[in-house]
Amino acid sequence: MEKEVKLTKLANCAGCGAKVGAGVLAKLLDGLKVRQDPNLLVGFDKSDDASVYKVSDDLALVQTVDFFPPIADDPYTFGAIAATNALSDVYAMGGEPKLALNIMAVPADLPKEAVHQILHGGYDKAYEAGAIITGGHSILDDEPKYGLAVTGFVHPDKVLTNSGAKEGDVLLLTKPLGIGILTTAAKADLVSEETMAYAVKLMTTLNKGARDAMVKYCVHACTDVTGFALLGHTCEMAQGSDVEIHLNVNDIDLIEEALELARIGVLPEGMYRNRSFAEAYVDAGEVELAKQDMLYDPQTSGGLLIAVHPDDADALFEELKGAVPSAQKIGVVQKYSGGKRIYLH
Amino acid sequence: MIDARGLSCPMPVVMVQNEVKKSSPDELKVQVDSMVCVENITRFANTKKYDVEVEKKDGEFTLTLKKRK
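Sequences listed follow chains L and G, in order.
This note's numbering numbers the first residue of the first sequence as 22 and each following residue consecutively.
This note's numbering numbers the first residue of the second sequence as 4 and each following residue consecutively.
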């Protein structure tokens, strides 16, 4: 009989929490020569979600890759989460994913059925997204890892970057926060079954519905909230757009059980990494420490953070709520006044 | 004294939580070997109204939790 596989026991870091910190990453990339190409609309110098290359006047290619160690014990669920997360980067650019390649690392003794189920989860999500998995590459490794390299398409004039936010824009977020805390706490069985099921549902919800809604409106900037947490990604948006962003913390959907865990110090290492990267740019005001921690919590397969023209904000919000019930209006973009980049209220 | 060295989060903070729940001590010493554990236990302690002193030696930390009067 095959032994039951508990995938997270094989992982050092959970999901996007395994991401190299933003500050460290910048240092690693520093000094690398970047080749220019007039058709490269978005490259890695912009800290964006995916690269975009213009093929013709009405077609641009969107490329991205994302993979990580197990964030769920069930192999099928892990595969589905990893694929949902990888596909998200294309949606964050306003694009539609079309082709994908598996990237996989497996321990030699991982049962074949578990490997098959990871891939099955990935295939089902790619299929739901309208993309085709055309192959991939697998290597042996002590720690399992899975993800996708995804290619998508977008109209070159409709590319959404994280650096186009404008004064007056309204900020929308499409998924609640607290995933990193819950997946860390789950390792010690501290999370109720109901909340864990909710977290899995969030992580396996494609950002397709949010993307399909937002492209109909005057959206100036978009990014998906993943390993660098809401504040890390908001910080990149504020800096890249040269604006300051004001967030109303009471309007942000914080998963209640995760907030309770934050209050008793059950926090992932990634939260502290994100805090040390972004804290200098954030005025936290009078916001409770545990709530701040939730905003620095690394998300896996998080929602889209959208900066929309104020005239379109209500209409987009209504439409978003139809596609993703957890959509929230969380703040506004203002002219940079020379101080912090993010203000919490 | 709780020895949580070598354990990764959230286990150390869970051990402290269990001890506080069980005996509600006036003072509790905990040994850990990562800053994340120091921070997590400090957050827990503050929520439960304990003050925390941290002593660092050779990459290891001894935390002393003292109940606020």
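No lab work stands behind these hints, which were simulated from the structure alone.
For clarity, every value in this text was computed on a predicted model and none was experimentally measured.
Backbone N, C-alpha and C fix where the C-beta goes; we use that ideal spot for every residue, glycine too.
It is possible that part of the hints are untrue.
Reference listing, derived: stretches of chain L covered by chain G, where coverage requires no fewer than 3 residues with Cβ under 8 angstroms from a Cβ of chain G [to be verified]: (1) 153 to 163; (2) 199 to 210; (3) 278 to 287.
Lysine-lysine pairs mimicking DSS-like chemistry, simulated, CA-CA at most 25 angstroms apart [unchecked claim]: (4) L:Lys187 / L:Lys133; (5) L:Lys312 / G:Lys59; (6) L:Lys48 / L:Lys222; (7) L:Lys222 / L:Lys119; (8) G:Lys72 / G:Lys52; (9) G:Lys51 / G:Lys25; (10) G:Lys24 / G:Lys60; (11) G:Lys51 / L:Lys312; (12) G:Lys60 / L:Lys312.
Right, here's what the structure says about each hint:
1. Residues of the stretch 153 to 163 of chain L lying with their CB closer than 8 angstroms to a CB of chain G number 0, which falls below the three-residue condition for coverage.
2. Chain G is given as covering the stretch 199 to 210 of chain L, and this holds because 4 residues of the stretch bring a CB closer than 8 angstroms to a CB of that chain, at least three being needed.
3. Evaluation of the coverage hint for the stretch 278 to 287 of chain L: fulfilled, as 5 residues show C-beta separations to chain G shorter than 8 angstroms, against a requirement of three.
4. Between L:Lys187 and L:Lys133 the alpha-carbon distance is near 50 angstroms, which puts this suggested pair outside the 25 angstroms criterion.
5. Between L:Lys312 and G:Lys59, the direct Cα distance comes to roughly 28 angstroms. Violation of the 25 angstroms bound is thereby established for this hinted pair.
6. For the proposed pair L:Lys48 and L:Lys222, the alpha carbon gap of about 35 angstroms is over 25 angstroms, so the pair is violated.
7. For the hint pairing L:Lys222 with L:Lys119, the CA-to-CA distance comes to about 23 angstroms; that is within 25 angstroms, so the pair holds.
8. Restraint check: the Cα-Cα separation between G:Lys72 and G:Lys52 comes to about 9 angstroms, which is no more than 25 angstroms; the hinted pair holds.
9. Note on G:Lys51 and G:Lys25: the hinted pairing holds, with a Cα-Cα distance of about 13 angstroms set against a maximum of 25 angstroms.
10. Of the pairs offered as hints, the one joining G:Lys24 and G:Lys60 is violated, with about 28 angstroms between alpha carbons and a cut-off of 25 angstroms exceeded.
11. Annotation: proposed proximity of G:Lys51 to L:Lys312 holds, straight-line Cα distance about 17 angstroms (limit 25 angstroms).
12. Of the pairs offered as hints, the one joining G:Lys60 and L:Lys312 is violated, with about 32 angstroms between alpha carbons and a cut-off of 25 angstroms exceeded.
In summary, the structure is inconsistent with hints 1, 4, 5, 6, 10, 12 from the numbered list given earlier, while agreeing with the others.
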